[in-house]
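K.L.:
Sequence:
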Amino acid sequence: MRMTGAEIICESLVKEGVEVIFGILGGAILPLYDTIPRYPKLRHVLVGHEQGAAHAAEGYARATGKVGVCMATSGPGATNLVTGLADAYLDSVPVVAITGQVTRALIGKDAFQEIDITGITLPVTKHNYLALEASSLAMTVKEAFYLARTGRPGPVLIDLPKDVQINQAEFKYPERVSLPGYKPTLQGHAAQIKKAANLIKESRRPVLIAGRGIIISGAYDELKRLAEKAQIPVITTLLGVSCFPESHALSYGWLGMHGMAYANLAVSDADLVVAIGMRFDDRATGRVSGFAPQARIIHIDIDPAEIGKNVRVDIPIVGDARVVLQALNKLVTTSKHADWLKQLDSWRKEHPSITIRDCEELLPQFVINKIHEVTGGEATIVTGVGQHQMWAAQHYWFDRPNSLITSGGLGTMGFELPAAMGAKIGCPDETVWCIAGDGGFQMTIQELGTIAREQVAVKIAIMNNGYLGMVRQWQDLFYEKRYFATPLNCPDFVKIAEAYGVPGMTVKSKQEVVPAIKKAMSEPGPFLINFMVKPEENVYPMIPPGAALSEIIEEPSKEVRSWSARNIP
102 MRMTGAEIIC ESLVKEGVEV IFGILGGAIL PLYDTIPRYP KLRHVLVGHE QGAAHAAEGY
162 ARATGKVGVC MATSGPGATN LVTGLADAYL DSVPVVAITG QVTRALIGKD AFQEIDITGI
222 TLPVTKHNYL ALEASSLAMT VKEAFYLART GRPGPVLIDL PKDVQINQAE FKYPERVSLP
282 GYKPTLQGHA AQIKKAANLI KESRRPVLIA GRGIIISGAY DELKRLAEKA QIPVITTLLG
342 VSCFPESHAL SYGWLGMHGM AYANLAVSDA DLVVAIGMRF DDRATGRVSG FAPQARIIHI
402 DIDPAEIGKN VRVDIPIVGD ARVVLQALNK LVTTSKHADW LKQLDSWRKE HPSITIRDCE
462 ELLPQFVINK IHEVTGGEAT IVTGVGQHQM WAAQHYWFDR PNSLITSGGL GTMGFELPAA
522 MGAKIGCPDE TVWCIAGDGG FQMTIQELGT IAREQVAVKI AIMNNGYLGM VRQWQDLFYE
582 KRYFATPLNC PDFVKIAEAY GVPGMTVKSK QEVVPAIKKA MSEPGPFLIN FMVKPEENVY
642 PMIPPGAALS EIIEEPSKEV RSWSARNIP
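In terms of this note's numbering, the sequence shown opens at residue 102 and continues consecutively.
By construction, these hints were calculated from the structure, which means they are not laboratory data. Some clues are possibly wrong.
Stated by the list, open to error - Label-pair distances were calculated between CB atoms; the ranges are: (1) P275 / G409: 34 to 40 angstroms; (2) P285 / R388: 28 to 34 angstroms; (3) A291 / G128: 28 to 34 angstroms; (4) D530 / P224: 53 to 59 angstroms; (5) G477 / Q395: 15 to 21 angstroms; (6) A212 / G409: 23 to 29 angstroms; (7) L207 / G319: 21 to 27 angstroms; (8) R388 / E637: 25 to 31 angstroms; (9) Q395 / K295: 19 to 25 angstroms; (10) E637 / C528: 34 to 40 angstroms; (11) M622 / P592: 22 to 28 angstroms; (12) R305 / G166: 49 to 55 angstroms; (13) E581 / E303: 48 to 54 angstroms.
What the hints assert, rightly or not - Using 27 angstroms as the maximum straight-line C-alpha spacing, the simulated DSS-like pairs for lysine-lysine come out as follows: (14) K582 / K609; (15) K296 / K431; (16) K471 / K582; (17) K284 / K431; (18) K273 / K142; (19) K296 / K410; (20) K142 / K243; (21) K116 / K273; (22) K582 / K635; (23) K296 / K437; (24) K620 / K609; (25) K210 / K243; (26) K284 / K302; (27) K295 / K284; (28) K410 / K443; (29) K609 / K596; (30) K620 / K635; (31) K325 / K142; (32) K167 / K116.
Small disclaimer: the values here were computed from a predicted structure and weren't measured. Backbone N, C-alpha and C define an ideal beta-carbon position, used for all residues, glycine too.
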C-alpha cells in the first residue's frame with residue numbers, strides 16, 4: 102500500500118505500540134501533524150515548550166519502561182529539545198524524538214528555521230537519522246525504537262524534511278532489524294562471573310552498590326536474592342534509589358556528595374565493592390583516588406565503555422544486570438558477615454544523617470517526611486535538581502520499585518514538572534508527586550497549562566526558600582556567604598497556578614503541612630502547594646568538592662575529616 106511519509110511515520114508509531122506523543126507543531130512538521138488526527142491510537146499532548154516535551158517523554162519512559170516519544174518542528178523547535186535529549190542520554194532513558202526539517206532542496210542553504218539538528222545532537226543521542234527518502238522511513242522508525250530500548254537505553258532522533266513527509270512510498274513495516282555493528286552483550290562472561298563469586302566468598306567487608314541499571318533491567322529480585330544469600334549490605338546511587346527496598350535490613354541508603362554518612366563510610370572501609378548498573382559518577386565517588394581505597398572492585402554493566410572509565414576495576418563483567426545476577430546467584434555461596442553488618446549498624450547510629458531537628462521554622466525535610474507519611478510511601482516522586490532533590494531522596498522512604506524519578510547526570514533544573522506530567526500520563530492510576538524548587542519550577546512553569554488542559558492529576562509541592570538553594574549553599578560554605586545572583590524574587594505560585602486552572606494553596610507553618618497534603622490528595626485533579634520553607638537551610642551530609650567519601654561534613658556543628666577506617670577483625 103502506498104502512503105505519504107507522514108502516514109508511514111504514524112503507521113510505524115502505532116506498530117511500535119506508541120500511545121502518547123508530547124510535542125509542539127510548526128511549519129516544517131505540519132504535514133505530520135495534519136496526519137496524526139487520523140490515527141486515534143496516537144494521543145498527542147500539546148506542551149508549552151519543546152523542552153517540556155522532551156522531559157515529559159522522559160518521565161513517561163522512566164515510569165512505564167516504554168519508549169517515550171516527543172516531536173518538534175525545525176530550527177528552534179528542534180534545538181529546544183536538546184536539553185531533554187542530553188538528560189535522557191546521560192541517564193539512559195529510551196526516547197525517540199521526531200523533528201521537522203526544511204525541504205531537501207533547502208538543506209544547507211540557511212533556509213528559514215533550518216538547523217543541523219543531527220549535527221547538534223550527535224554527542225547527546227545514542228543515534229540519529231536524517232531521513233531523505235519516504236521509502237526508508239519504516240525501517241528508520243523500526244531501528245530507532247530498537248536502538249532506544251535495547252542495550253544501554255538512550256535517546257534517538259529522526260530528522261524529517263517536509264517534502265519527505267509529503268512524498269509517497271510503498272509501506273511495509275519490517276519485522277526485524279539488522280544492525281551488524283550493534284550487538285549489545287547480555288550474557289556475562291562465565292569465567293568472570295565465577296571469579297566474582299569466588300571474590301565475594303573471600304570478602305569480609307563487601308558492599309553492593311546498585312545503580313539505575315537494576316531498574317532498567319528489572320533486576321529487583323535478583324539483587325535482593327544476592328544481598329540476602331551472601332548477607333551483603335546494599336547501597337545505591339542516587340539514580341538507583343528505589344531499586345532495593347529502603348526498609349530492608351540490608352539497606353544502607355545511598356552514597357555520594359549528599360548521601361548518608363554511614364553509606365560513604367561503609368564504602369570507604371569495604372574490602373570488596375560489587376558495582377551493578379552504575380557508572381562511578383563523580384558525585385557518587387568523590388575524589389577518585391580516595392574511593393574505596395581498601396577494596397577490590399567488581400563492575401557489572403551493559404555498557405563496556407563505562408567499565409574502567411573512572412575507577413580501576415579488578416573484575417569487569419559486561420552484560421545485562423538481571424541476566425548477570427541470575428548467573429552469579431547460582432554460584433554465590435550462603436555467607437554471613439555479622440561483624441561487618443554490626444559495624445555498619447554502629448555507624449548508622451553514630452552518623453544518623455537523616456534526622457530532622459526540632460525547629461520552629463518550616464523545614465523542607467519535615468515537609469518531605471510528611472508527604473511520605475500521608476502517602477504511606479505509595480507515591481511516585483519526581484524531582485528537579487538542587488536541595489529539594491536531595492531532601493526528597495533522603496526523607497521519602499522508597500520501598501516501591503522505580504518510585505523515584507529524577508535528573509541525575511545532567512542535573513537539569515526544570516525537569517520535575519513536565520517529567521511528573523509524563524509519568525502520570527504513563528501511569529494514570531499511580532499517585533505522582535512533583536517535588537520542586539522555586540528556581541527550577543519557574544524554568545518549565547508553562548507546563549501548568551498543559552497539566553490543566555489535559556487534567557493530569559499531578560500533586561505539586563514547591564519548596565519555596567527564595568533562593569537558588571544549592572548554589573547558595575555553596576556560596577555559604579565555600580564563598581564566604583557572598584550570595585550573588587542566588588536570591589530570587591518569586592511570584593505568587595498559587596495565583597499563577599489558579600490562572601492556568603490549577604487549584605493551590607500556600608503553607609507557612611508546620612501545623613498546616615499535613616492538612617494541605619491531605620487536601621491535595623483528595624482533589625481529583627492537579628493541585629499545587631507552595632511551602633514557604635526556611636530560607637537558608639542547608640543539605641547535610643555533604644562531601645566538599647575534591648574530597649573523598651570519608652571526608653564528610655555532617656552538619657554545621659559536626660565535621661568528620663580524614664576519617665580513619667576501622668577494620669573488622
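K.L.:
All hints are to be evaluated individually against the structure, with a verdict given for each.
P.N.:
Evaluated hints:
One distance hint, 34 to 40 angstroms for the beta-carbon pair P275 and G409, holds here, with the actual separation near 37 angstroms. Taking 28 to 34 angstroms as the suggested C-beta distance range, the pair P285 and R388 conforms, at roughly 32 angstroms. The given range of 28 to 34 angstroms is broken by A291 and G128, whose C-beta atoms sit roughly 56 angstroms from each other. Checked against the given bound of 53 to 59 angstroms, the beta carbons of D530 and P224, roughly 38 angstroms apart, lie outside it.
Between G477 and Q395 the Cβ separation comes to about 40 angstroms, which falls outside the hinted range of 15 to 21 angstroms. Taken as a hint, the range 23 to 29 angstroms is violated for the pair A212 and G409, whose Cβ atoms sit roughly 45 angstroms apart. As the Cβ distance of L207 to G319 is approximately 45 angstroms, the hint placing it in 21 to 27 angstroms is violated. Taking 25 to 31 angstroms as the suggested C-beta distance range, the pair R388 and E637 conforms, at roughly 28 angstroms.
A C-beta distance of roughly 24 angstroms is found between Q395 and K295, which places it inside the suggested range of 19 to 25 angstroms. Under the hint 34 to 40 angstroms, the C-beta atoms of E637 and C528, about 36 angstroms apart, fit the expected range. One distance hint, 22 to 28 angstroms for the beta-carbon pair M622 and P592, holds here, with the actual separation near 25 angstroms. Checked against the hint of 49 to 55 angstroms, the pair R305 and G166 fails, with Cβ atoms roughly 37 angstroms apart.
The beta-carbon spacing between E581 and E303, approximately 49 angstroms, falls within the hinted interval of 48 to 54 angstroms. For the suggested pair K582 and K609, the alpha carbons sit about 25 angstroms apart, so the restraint of at most 27 angstroms is met. Between the alpha carbons of K296 and K431 the distance comes to roughly 13 angstroms, so the proposed pair stays at or under 27 angstroms and holds. A C-alpha spacing of about 31 angstroms is found between K471 and K582, which places the hinted pair above 27 angstroms, so the restraint is violated.
For the proposed pair K284 and K431, the alpha carbon gap of about 26 angstroms is at most 27 angstroms, so the pair holds. Under the criterion of a C-alpha separation no larger than 27 angstroms, the hint pairing K273 with K142 is consistent with the structure, at around 19 angstroms. Note on K296 and K410: the hinted pairing holds, with a Cα-Cα distance of about 21 angstroms set against a maximum of 27 angstroms. Proposed proximity of K142 and K243 is supported: the alpha carbons are some 18 angstroms apart, at most 27 angstroms.
Under the criterion of a C-alpha separation no larger than 27 angstroms, the hint pairing K116 with K273 is consistent with the structure, at around 11 angstroms. At roughly 17 angstroms between alpha-carbon atoms, K582 and K635 fall within 27 angstroms of each other, so this suggested pair holds. Distance restraint check for K296 and K437: the Cα-Cα separation of roughly 19 angstroms lies within the 27 angstroms cut-off, and the hinted pair is therefore satisfied. With a C-alpha separation of about 15 angstroms, the suggested pairing of K620 with K609 holds against the 27 angstroms cut-off.
Distance restraint check for K210 and K243: the Cα-Cα separation of roughly 30 angstroms exceeds the 27 angstroms cut-off, and the hinted pair is therefore not satisfied. At most 27 angstroms may separate the alpha-carbon atoms for a hinted pair to count; K284 and K302 exceed this at roughly 32 angstroms. Distance restraint check for K295 and K284: the Cα-Cα separation of roughly 24 angstroms lies within the 27 angstroms cut-off, and the hinted pair is therefore satisfied. For the given pair, K410 sits about 33 angstroms from K443 by alpha-carbon distance, which is inconsistent with the 27 angstroms threshold.
Restraint check for K609 and K596: the C-alpha separation of about 16 angstroms stays at or below 27 angstroms, so the hint holds. At roughly 23 angstroms between alpha-carbon atoms, K620 and K635 fall within 27 angstroms of each other, so this suggested pair holds. About 38 angstroms separates the Cα atoms of K325 and K142, which puts this hinted pair outside 27 angstroms; it is violated. About 14 angstroms separates the Cα atoms of K167 and K116, which keeps this hinted pair within 27 angstroms; it holds.
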